[in-house]
Amino acid sequence: MSSQKKRDQLILHTALTAGRIMIENGSEIERVEDTMTRIARNAGAQTSQLFVMITGILMAINGEVGAQIEPVKRRTFDLEKIAVVNDLSRQFADRKINLRQFADRLDHLDSVSRYFPFWLQLLAAAMVSGPLEVVFRHNLPDFWITCVVGMLGWWVYYVLNKYIQIRFLSEFTSAAAIGLMAVVFVHWGLGNSVDDIIIGGVMPLVPGVPITNSVRDILAGNLVSGPARGVEALVSAAAIGFGIAMVLQFL
Amino acid sequence: MSILEFVIEVVGTYVATIAFGILINIPRRALNVGGWIGVLGYVLYRFTVLWGGGYVVGNLLGAVAIGVASLQAAKIKKMPMILFNIPAIVPLVPGGQAYQMIKNFALGQNSTAFVFLLQVVMISGAIAFGFLLSELVNRIQRRFWRHHKRL
Numbered sequence: 001m002s003s004q005k006k007r008d009q010l011i012l013h014t015a016l017t018a019g020r021i022m023i024e025n026g027s028e029i030e031r032v033e034d035t036m037t038r039i040a041r042n043a044g045a046q047t048s049q050l051f052v053m054i055t056g057i058l059m060a061i062n063g064e065v066g067a068q069i070e071p072v073k074r075r076t077f078d079l080e081k082i083a084v085v086n087d088l089s090r091q092f093a094d095r096k097i098n099l100r101q102f103a104d105r106l107d108h109l110d111s112v113s114r115y116f117p118f119w120l121q122l123l124a125a126a127m128v129s130g131p132l133e134v135v136f137r138h139n140l141p142d143f144w145i146t147c148v149v150g151m152l153g154w155w156v157y158y159v160l161n162k163y164i165q166i167r168f169l170s171e172f173t174s175a176a177a178i179g180l181m182a183v184v185f186v187h188w189g190l191g192n193s194v195d196d197i198i199i200g201g202v203m204p205l206v207p208g209v210p211i212t213n214s215v216r217d218i219l220a221g222n223l224v225s226g227p228a229r230g231v232e233a234l235v236s237a238a239a240i241g242f243g244i245a246m247v248l249q250f251l
Numbered sequence: 001m002s003i004l005e006f007v008i009e010v011v012g013t014y015v016a017t018i019a020f021g022i023l024i025n026i027p028r029r030a031l032n033v034g035g036w037i038g039v040l041g042y043v044l045y046r047f048t049v050l051w052g053g054g055y056v057v058g059n060l061l062g063a064v065a066i067g068v069a070s071l072q073a074a075k076i077k078k079m080p081m082i083l084f085n086i087p088a089i090v091p092l093v094p095g096g097q098a099y100q101m102i103k104n105f106a107l108g109q110n111s112t113a114f115v116f117l118l119q120v121v122m123i124s125g126a127i128a129f130g131f132l133l134s135e136l137v138n139r140i141q142r143r144f145w146r147h148h149k150r151l
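Protein sequences appear in the order of chains A and B. The UniProt record's numbering applies: residue 1 is where the first sequence begins, and numbers increase by one. The UniProt record's numbering applies: residue 1 is where the second sequence begins, and numbers increase by one.
Bound-form chain A, shown alone (with noise of 0.2 angstroms):
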């Protein structure tokens, strides 16, 4: 193979895996079409083509090697990746590492996630469910009670997700959970008001990746991919109220 030809696949497998770890931890489109066309062009790449879906992305640029796929199957929520992606791009147009160095950052960053450790993720629930209770509807008794219930809503979702591995599944049982446990806690009368506990313990479960990013493809252009964002969105919300109104269906 010749040295140009190597170079080539190079530039494509680097730009290739950047564009699915990103769209895998949710960027927006017209994010990943920016930073993969730099690294072609900060590559020595003369022209790139790119098509780039939610679902997966084709690449060609110009020289000796064809066009490539690189399919996106999974979908999850880590931004931090975005941000490393982001950051290993800009380094690389600085002329801080060469293109193989990149390429293997890349991936060894794809096979190590460095998520927030699960004890700190439970609090982060915690804080998200008690304050936003509070905040929407002023019931300051019910603080800790939501907290609790918020907290435990998000162990079910994690725990679910890490073994059956369906987002959707994971907030319908997750939502009926919180439902449920709001339900006992006011009927033991720890809690005062179901409605104030439900609405704050869900706000974990609140999809705002998807809906950002939904607006942010659509009014950019990707018909496609903002649109399919936007159904993800709207299944998420969906199952989270059928599994509160599954639970409040029984009272």
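No lab work stands behind these hints, which were simulated from the structure alone. Note that CB positions come from ideal geometry on N, CA and C, so glycine has one too. Among the clues, some could well be false.
What the hints assert, rightly or not - Partial list, derived from the structure: chain B residues whose beta carbon lies under 7 angstroms from chain A:
id : residue
1  : Gly12
2  : Ala16
3  : Asn104
Said to hold, decoys possible - With a straight-line cut-off of 20 angstroms between C-alpha atoms, the simulated SDA-like cross-links for lysine to any residue are:
id : chain 1 : residue 1 : chain 2 : residue 2
4  : B       : Lys77     : B       : Arg139
5  : A       : Lys162    : A       : Asp94
6  : B       : Lys75     : A       : Lys162
7  : B       : Lys78     : A       : Arg38
8  : B       : Lys78     : B       : Ile3
9  : B       : Lys78     : A       : Lys73
10 : B       : Lys78     : A       : Asp78
11 : B       : Lys78     : A       : Lys162
12 : B       : Lys78     : A       : Ala93
13 : A       : Lys6      : A       : Glu30
14 : B       : Lys78     : A       : His187
15 : B       : Lys75     : A       : Lys73
16 : B       : Lys78     : A       : Gln91
17 : B       : Lys75     : B       : Arg28
18 : B       : Lys78     : A       : Glu33
19 : B       : Lys75     : A       : Pro117
20 : B       : Lys77     : A       : Asp87
21 : B       : Lys75     : A       : Arg90
22 : B       : Lys78     : A       : Asp34
23 : A       : Lys96     : B       : Arg28
24 : A       : Lys162    : A       : Lys96
25 : A       : Lys73     : A       : Ala43
26 : A       : Lys5      : A       : Ala67
27 : B       : Lys77     : A       : Val84
28 : B       : Lys75     : A       : Ala60
29 : B       : Lys78     : A       : Ala67
30 : A       : Lys5      : A       : Glu33
31 : B       : Lys78     : A       : Pro117
32 : A       : Lys162    : B       : Arg143
33 : B       : Lys78     : B       : Trp36
34 : B       : Lys78     : A       : Ile97
35 : B       : Lys77     : A       : Gln91
36 : B       : Lys77     : A       : Asp34
37 : B       : Lys75     : A       : Glu30
To be verified - Listing some non-contacts, in silico: residues in chain A with all C-beta distances to chain B over 10 angstroms:
id : residue
38 : Met53
39 : Asn86
40 : Tyr115
Add chain B to chain A, keeping to what the hints say.
Chain B alone, transformed into the frame defined by chain A:
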């Protein structure tokens, strides 16, 4: 609204925004700024509602402020914009209305449920439109800067 209530709301919004950022794994050095942008959007919304501007206009202004502030933060910190505006939008989400809608549908009170459904749709639309307007501001600013640089 008393001063104490206002302080509680600001603190609650700040804490909740940062905590939501932790749940979607935002880098540590973006958390603080994201929290303050969330507070900015919420305060704007709250005061618009207090002064009789209505929910829809309040959410619209809040979303515009979040969009514009996020872009400035993204420029200063050299990080993607979505790190700042995704957590910041969480306090504006119409959670209460959505819950009332679900509850009334589940209990079979459809006419009440439709009132809340309409509110949810209008508030979500206002937030989306607010983002659109903020994008307009951002594009104008970018254009102005580019023009400025060339001179």
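Going through the hints against the structure:
no., hint, verdict
1, Gly12, "3 angstroms, holds"
2, Ala16, "4 angstroms, holds"
3, Asn104, "10 angstroms, violated"
4, B:Lys77 x B:Arg139, "19 angstroms, holds"
5, A:Lys162 x A:Asp94, "39 angstroms, violated"
6, B:Lys75 x A:Lys162, "36 angstroms, violated"
7, B:Lys78 x A:Arg38, "16 angstroms, holds"
8, B:Lys78 x B:Ile3, "36 angstroms, violated"
9, B:Lys78 x A:Lys73, "29 angstroms, violated"
10, B:Lys78 x A:Asp78, "18 angstroms, holds"
11, B:Lys78 x A:Lys162, "33 angstroms, violated"
12, B:Lys78 x A:Ala93, "14 angstroms, holds"
13, A:Lys6 x A:Glu30, "28 angstroms, violated"
14, B:Lys78 x A:His187, "50 angstroms, violated"
15, B:Lys75 x A:Lys73, "31 angstroms, violated"
16, B:Lys78 x A:Gln91, "12 angstroms, holds"
17, B:Lys75 x B:Arg28, "17 angstroms, holds"
18, B:Lys78 x A:Glu33, "18 angstroms, holds"
19, B:Lys75 x A:Pro117, "29 angstroms, violated"
20, B:Lys77 x A:Asp87, "11 angstroms, holds"
21, B:Lys75 x A:Arg90, "13 angstroms, holds"
22, B:Lys78 x A:Asp34, "15 angstroms, holds"
23, A:Lys96 x B:Arg28, "23 angstroms, violated"
24, A:Lys162 x A:Lys96, "37 angstroms, violated"
25, A:Lys73 x A:Ala43, "27 angstroms, violated"
26, A:Lys5 x A:Ala67, "13 angstroms, holds"
27, B:Lys77 x A:Val84, "13 angstroms, holds"
28, B:Lys75 x A:Ala60, "30 angstroms, violated"
29, B:Lys78 x A:Ala67, "31 angstroms, violated"
30, A:Lys5 x A:Glu33, "23 angstroms, violated"
31, B:Lys78 x A:Pro117, "26 angstroms, violated"
32, A:Lys162 x B:Arg143, "46 angstroms, violated"
33, B:Lys78 x B:Trp36, "17 angstroms, holds"
34, B:Lys78 x A:Ile97, "18 angstroms, holds"
35, B:Lys77 x A:Gln91, "15 angstroms, holds"
36, B:Lys77 x A:Asp34, "18 angstroms, holds"
37, B:Lys75 x A:Glu30, "17 angstroms, holds"
38, Met53, "18 angstroms, holds"
39, Asn86, "5 angstroms, violated"
40, Tyr115, "5 angstroms, violated"
Checked against the numbered hints given earlier, this structure breaks hints 3, 5, 6, 8, 9, 11, 13, 14, 15, 19, 23, 24, 25, 28, 29, 30, 31, 32, 39, 40; the rest are met.
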